[in-house]
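Peer 1: Each chain, letter by letter, is given below.
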Amino acid sequence: MNFDLTEEHELLRSTVREFAESRVAPVAAELDRESRFPYELVAEMAGLGLMGIPIAEEHGGAGADTVAYAIAIEELTRIDSSVAITVAAHTSLGTMPILLFGNDEQKRDWLPQLAAGQRLAAFGLTEPGAGSDAGATRTTASLRDGQWVVDGSKIFITNAGTDISACVTITAKTGDDEISNVIVPNGTPGYTISQPMHKLGWRASDTRELSFEGAAVPEGNLLGPRGAGFRQFMEILDGGRISVAAMGVGLAQGAYDLAVAHARERRQFGQPIAKFQAVQFQLADMATEIEAGRALVYRAAWLKDRGRPFALAAAQAKLYTGELSNRAVNAALQIHGGYGFMEESPIARFYRDQKVLEIGEGTNEVQRMVIARHLGL
Amino acid sequence: MKIAVCVKQVPEGTSLKLDPGTKRLDRSGEGALNHFDANAVEEALRLKESAGDAEVVVVSVGPAGAADALRKALAMGADRALLVSDDAVAGSDLVATSRVLAAALEREGADLVLFGQQASDSDGAVLWAAVADRLRRPLVSQAAELSVADGSLRAKRQTEFGYDVIQAALPAIVAVSDAINEPRYPSLKGIMGAKKKPQETLTLGDLGVDVGQVGEAGSKTEVYEFSLPPSRGDSRKIEDDGKAAEQIVEFLAEKRLV
Ligand SMILES: Cc1cc2nc3c(=O)[nH]c(=O)nc-3n(C[C@H](O)[C@H](O)[C@H](O)COP(=O)(O)OP(=O)(O)OC[C@H]3O[C@@H](n4cnc5c(N)ncnc54)[C@H](O)[C@@H]3O)c2cc1C
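Note that the protein sequences, when read in sequence, are chains Z and C. Numbering follows this note's numbering, with no gaps: position 226 of the first sequence is 226. Numbering follows this note's numbering, with no gaps: position 206 of the second sequence is 206.
These are computed hints drawn from the structure, not numbers from a lab. These numbers come from a predicted model, not from an experiment. C-beta atoms are modelled at their ideal positions from N, C-alpha and C, and glycine is treated no differently. Just so you know, not all the hints are guaranteed correct.
[As the list claims (entries may be wrong)] Below, computed lysine to aspartate or glutamate pairings styled on DMTMM-like, alpha-carbon distance capped at 25 Å: (1) C:Lys189 - Z:Asp257; (2) C:Lys196 - Z:Glu265; (3) C:Lys196 - Z:Asp257; (4) C:Lys189 - Z:Glu344; (5) C:Lys237 - Z:Glu57; (6) C:Lys243 - Z:Glu344; (7) C:Lys23 - C:Glu12; (8) C:Lys243 - Z:Glu265; (9) C:Lys237 - Z:Asp257; (10) C:Lys189 - Z:Asp305; (11) C:Lys189 - Z:Glu10; (12) C:Lys197 - Z:Glu57; (13) C:Lys17 - Z:Asp257.
[Unchecked claim] Which bits of chain Z does chain C cover? Going by a derived footprint, with three or more residues having C-beta under 8 Å, they are: (14) 3–17; (15) 42–56.
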């Protein structure tokens, strides 16, 4: 048994923490207020190798492991969720399908620019009529004259509509009871992208509705074997949950750090409010739950890195950290009092950014369904 | 060209603790690369990049944990690390530390030795002078700009009144100011590759330094007593919402200071 991270992991953590504190923190409030996509930060993170952390070096990535990836996402979220989800969705949802299921040609065509962070990728699973029931997809792709012709729509898709978005991998019906994944490059005629959606949180991240009307892509854009789409997207979601769970830990840690700083500074009844036991108990609970959540996340990542089954651990980590981050931002804002309700204080943004962690990549209820299934219930 | 950069591992965080028993700084907690030294590492890497052909070796005298600071420098892009670690060195003041460091640098025989302006824990800002004196090398401190050509360096030295432009023949020693550059972040690739770079650990014996010349025995400084500065008492913090100046004037008037 060994709870120590490697020297590389520690150095990565301190590096990303320093980057987040000195580069992201100063602009996070402004990006959020203006719902502005963080192009400059994406370029900087690309330079540091953070846009392709778990992608092998031969494909242009950094070749690090899932634990390293979770640490980086955690540290980014500790400062800003929009920046973190941009990296996480690009990596786990956008790039992974091509890495895991792409053939050599597809990997050669897409991975180097994606792993290097020059371009972004998206994953389009959710539809207006297919959310938790993602298998209920109505989008179709039919093979005509050597091309897949796509018709349908997707909703809430991250990273699909930025100036540097390269492609979206979508799930589509390629026959009755048959789902496949198809890569649709941005700029494909018939593929239109809505204006950015207005969100409660994650405002600087890019979220779009996509519509496909006779959008034709080459036959070679089919990802993996025809009809493998359902199994493929389940596998993508299993891995993606680790990064969203890492966001839960990072968000809770960031909220805790803000609450501690405020509680030490703020004086009422003649002393810092951190001296009141009621405040201390809230912080003690938060710190304890954060440690528990972090252990779940790192364990899920560690299992994945060892090639062991990790889907149950990932769902448990995602469920637990989603709910813990909810409790953490709630208590942290309470400790801020009225100041926390003002948009000038970062905790207000953390509070708004939190909720989606209990919805995206499978709601809390869906995690419980997944966990129950793994428990053989 | 060979560039040596001297770096120190310092306690992390903003509050330093003194150990009342040893009267030394408590170094038991987490440590980090002294951020002033990151400027020196960065400058060495820039010189290397513009020279094309140079080796950057980072050198530290410190406990085994100082390997972390060296690793960060390697991750930033330094080629090789040298750590002098020996229990006997603990408790060395700058006179003793400079002796060890000078011996290590003598062994390296670098064309250029870079230092940060000071260490953020002891804030001495004189070690480089002691080392330069021992090695009998020219020294430029507070360098805000640095270039090397044809066997000599040119530095813009920051002073209270402006800049001195100084030229010195190599080999030489330069302590860079923290205004000289903005240190890069180690890239993930750099972090992953750091372990594979040569890292050497030497003892005093390896350097031929006598144990009696280091540690407390070799130091000229003796700590009799230390105490914390008195607390500032009730202080008032004014956040600038556009009226800070007015509030400060009011406060001063209230205290009859203006
Ligand atoms: C900001 C943001 C970014 C997103 N990014 C992406 C993206 O990049 N790609 C992508 O494909 N999707 C993305 N999504 C979509 C996200 O994955 C879905 O919102 C999520 O899966 C839930 O689906 P839904 O919104 O349709 O909710 P619904 O499925 O309609 O769920 C509504 C409620 O019903 C509950 N419920 C549903 N079924 C059951 C059941 N069987 N038992 C118990 N309760 C149930 C749910 O738990 C939930 O509480 C994003 C969403 C958001 C908000």
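Peer 1: Output the numbers, in ascending order, of every earlier hint that fails for this structure.
Peer 2: 1, 2, 3, 4 and 5
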